[in-house]
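J.: Sequence:
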Amino acid sequence: MRKSWVWIIFIIILSFFFKGVAYAFLEKGWEGGVVDYYCEEGIKFYEQTEYGKAKEAFKKALLIDEDCEIARRYLVKIEKIERQMEEREKKRKVRREKKRKVEQRKGEEKIEKQIEQTESLLSPFPGKEKESIYEFTQPAHYFQVEDISRKQKEAVDLLNKAIYPVRISGEYRIGLGVYSDGEVEWKKADADWQENNWRYLYGDLRFNTFDPVIYNRLKVNVDAALSENWSFGMEIVNDPWSFIGRTPEFRIYNADKSDYADIQLKYWGNLETTIPQTVRTHKGNVIDIPEIKVEGGKIVPTSLSASWSDELGKGWTDSFGTISDYEFSSEYRPVRSLWVEYKGDAWKMKVFPFGGQEEALSSDDPLGLSNHHIYWEPSPWLDYWEQGQEYTATGWESGEWKKDWYTEDSEHQWLRRLRGVSLAFGDPEYGDFSLESTIATPLDVWEDYSELNALPMALRARYRLSEEWQIGTTQTGRVGYVEGSRDAYAWAGGLDIQYSPYSFENTVLSAEIARSKRKENILSSVHEQEKEDDAYKLKLTTKIPTLFPAYYYEDIPLDIDFSYTRLGEDFYAPLASYTYTRDDQAWGRYLSFFPRSPQDEAVRLGDSVDIDREVYGLTLRSRFFEGRIRPLFNYRNAHRVSDDEFIEAIYRSEIEYDILDNLQSKIVYIYEDKPEDSEGRDLSVDRTAFGLRYEWTDWLTTEAIYTYTNEYPSFPDDLYSWVSANPEPPYPHYNIYKARVIYQPFSQITLTFDHTTNEFKFANRIADDYYYDELTYDGLEIEYKPNSKLSTRFVYRYSYVANLNQYIDNGEEEVEGHHNLYAEIIYHIDPDATLSLQYGDLGVYSEPEYIPYSHAVLDTQHLVRIFYTQKF
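Numbers given in the working numbering equal positions in the sequence shown, counted from 1, plus 324.
The hints are simulated quantities; they were obtained by calculation from the structure and are not laboratory data.
Glycine is no exception: its CB is placed at the ideal position from the N, C-alpha and C atoms.
Mixed in with the good hints, there may be bad ones.
[To be verified] Only pairs whose alpha carbons sit at most 27 Å apart, straight line, appear in this in silico BS3-like list of lysine-lysine: (1) Lys-581 with Lys-543; (2) Lys-377 with Lys-401; (3) Lys-543 with Lys-475; (4) Lys-1085 with Lys-1109.
[What the hints assert, rightly or not] Pairwise CB distance ranges (calculated): (5) Tyr-754 with Lys-401: 25 to 35 Å; (6) Phe-757 with Glu-393: 42 to 52 Å; (7) Tyr-754 with Val-675: 44 to 54 Å.
Please put together the full structure from these sequences, using the hints given.
T.: In structure tokens form, the structure reads like this:
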């Protein structure tokens, strides 16, 4: 009886179950019920992250009902997740492979060092069996057995074998110059002659000022792997900049002895003169000390005078008599670099008693708090502190951090040294945690080694939270000293975060918040200053093809770079300089068909970022039709933080279009929207340029460029204030026409004909490197290369320039013609040895050959120079 009731209950429950199923079948049909079942199963597996089983279930549902939205939606989700997992695994494999290669390389290096150490122990005087390791091989056509260059290298190789594990390398340079009057120069070079400065108007050679770069140099690099972990290096340079001198500090008085100045003259061997200096007197007057000739260890008699004026042009002049007979103490400082380094598996340390600005820590945080600066500017790590002064007539002038723009050689190597130590832990590219830290102090060329003026320091740490997220911190500081006492300090620290999502390849979102604090004039409590402020930056870089799923926008190759930056009015990053990175590089605003290097391309656009500015920036780059069309768009908008006043808005559009394989076109449009001046005049400027380059045949190419602009060069107009060669705003537009014909009748000969017409007749001689030539001129260049070892070049230029000095003196705008002839012969003895012969001058250079399409001087320089360079 009891069993019967059990069965009855079971049948009732079963009937209710089948009743529900029946209702479902009646409502949706049998297919709907099965589809629901498979969808429920798929959702269950999806929630359990068993995506393979879920995918099977949803596919079965689609086999029954191909319009099932639930199955389709979940399959899209699963496909996206699988794609993300696949990309993540690919990245992990790449990182594992890179890490494996690094470890393999370290292991191989370790084994090689052990083998070399064993060989050196077994064979203290290496024999013939080891000569093949050091054998110097070059193409046979370059040199014969008797070549001096090869014998020198063989001698160095033998020396390196004998002193192993120490290794010596380097180069030497021999230069000589002969002027038309018979004067012979073997030491005449100064990088300051290459700059846009007062010499253009007031120097002895005015617009023909140039750097002869005549000097001799021997550079020796010594490197040694002392053990598996320890290494040592040193660079010794014997050149004119290695010889310096100083006089004792002395005091000079004006005529009635009511004012005086303390002076120390400094000597440099490159010109055998003192360096130019600016000295303030006790009252606050200004003495500009010129380059004074040094003969027999003493200066020649030189008269000094002082001249000072305020913002209203009111001031006074004063005579400080004649100085003479001051002797110099001579010093020889050949060591440019000296370091000892330890490299372990996880960390490394470097101690550098002598080093260049390359030893500074360069941080990769969005704000670039450590070592941010433009490439031609000395690093902020080299800045020095100048104490504030109370002048009896002009009052108090606060102390400040200054840059040493003068101490560089003719190859633009900054000669202030850094002394310090750096530590690093972890691998910033592949590791989860990394830390870098450097503390150093700059050393002036004429300072004693024991002197301490500034002490910069920086720390950069990163931690990878996951494959997508990274956080970091940058801490920087600098202390300024006066005779061992602290007179100023500054600190800036930031926290940054970076997000690189897997689902959006090549997309990076980064942000940083920073705060700074500084105190100055500490030793003068009355004038002590203390300031604090904040800075922020948000940056997004991405590519449109990966911003959305691949099957949507794969044909839109658009690179996007967006940023928002805010630096407070009193924000101060002691080891970062934003002044020269905010503006476009001058050469970057000119249309040219001369190829630019990737390094130049990376810096030619400014970002408008500076202290007391809030800036929005957007840059778009793309490539269409297999790279034949290459557009670029850049927009920047800057406002002042302190009062929210508008500063500038810059629009730039560029298009490079390869119309045909042999026909290239370029268009550049730049508009700088500026606020009106106090008189309501529009200060905005713009530049429109269009160019065509057509290669008619293999032996004939023509270029044409047209520019319409109202931009006027600031140099040399900024050298004087009482008159201006540039027009008053609103600035009128003018035209620039350029044409070039490149004719190559034979493979060894190339003829280039140039013409430029610039309607602004005060356009000056300066053509910044080889990127533009705004000077009005006609030119012919003939290049002859009979073989791979020998090249000759002849250049003639006839230029038209208004005499600026005459205009300043009497207002006349007379245009004058200038002839410039240049010739050179370069013989490449082998890849590491070159012999050069030059007549005249045409461009700024560090190697003994000129830069194409540049204008360093207007008139022919009757100077013959010969250079021999050899690397070993």
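J.: Given the hinted pair Lys-581 and Lys-543, is their Cα-Cα distance within 27 Å?
T.: At roughly 49 Å apart (the allowed maximum being 27 Å), Lys-543 and Lys-581 break the hint.
J.: Take a quick look at whether Lys-543 and Lys-475 sit within 27 Å of each other, Cα to Cα.
T.: 19 Å, holds
J.: Do the beta carbons of Tyr-754 and Val-675 sit within 44 to 54 Å of each other?
T.: 26 Å, violated
J.: Next pair to validate is Lys-377 with Lys-401; report whether the Cα-Cα distance is within 27 Å.
T.: It holds: about 14 Å lies between the C-alpha atoms, which stays within 27 Å.
J.: Could you check the hint for me, namely that Tyr-754 and Lys-401 are 25 to 35 Å apart, CB to CB?
T.: This hint holds: roughly 32 Å between Cβ atoms.
J.: Has the hinted range 42 to 52 Å been met by the Cβ atoms of Phe-757 and Glu-393?
T.: 47 Å, holds
J.: Given the proposed pairing of Lys-1085 with Lys-1109, does the C-alpha separation stay at or below 27 Å?
T.: Violated, at about 36 Å.
When held up to the earlier numbered hints, the structure conflicts with 1, 4, 7 and fits the remainder.
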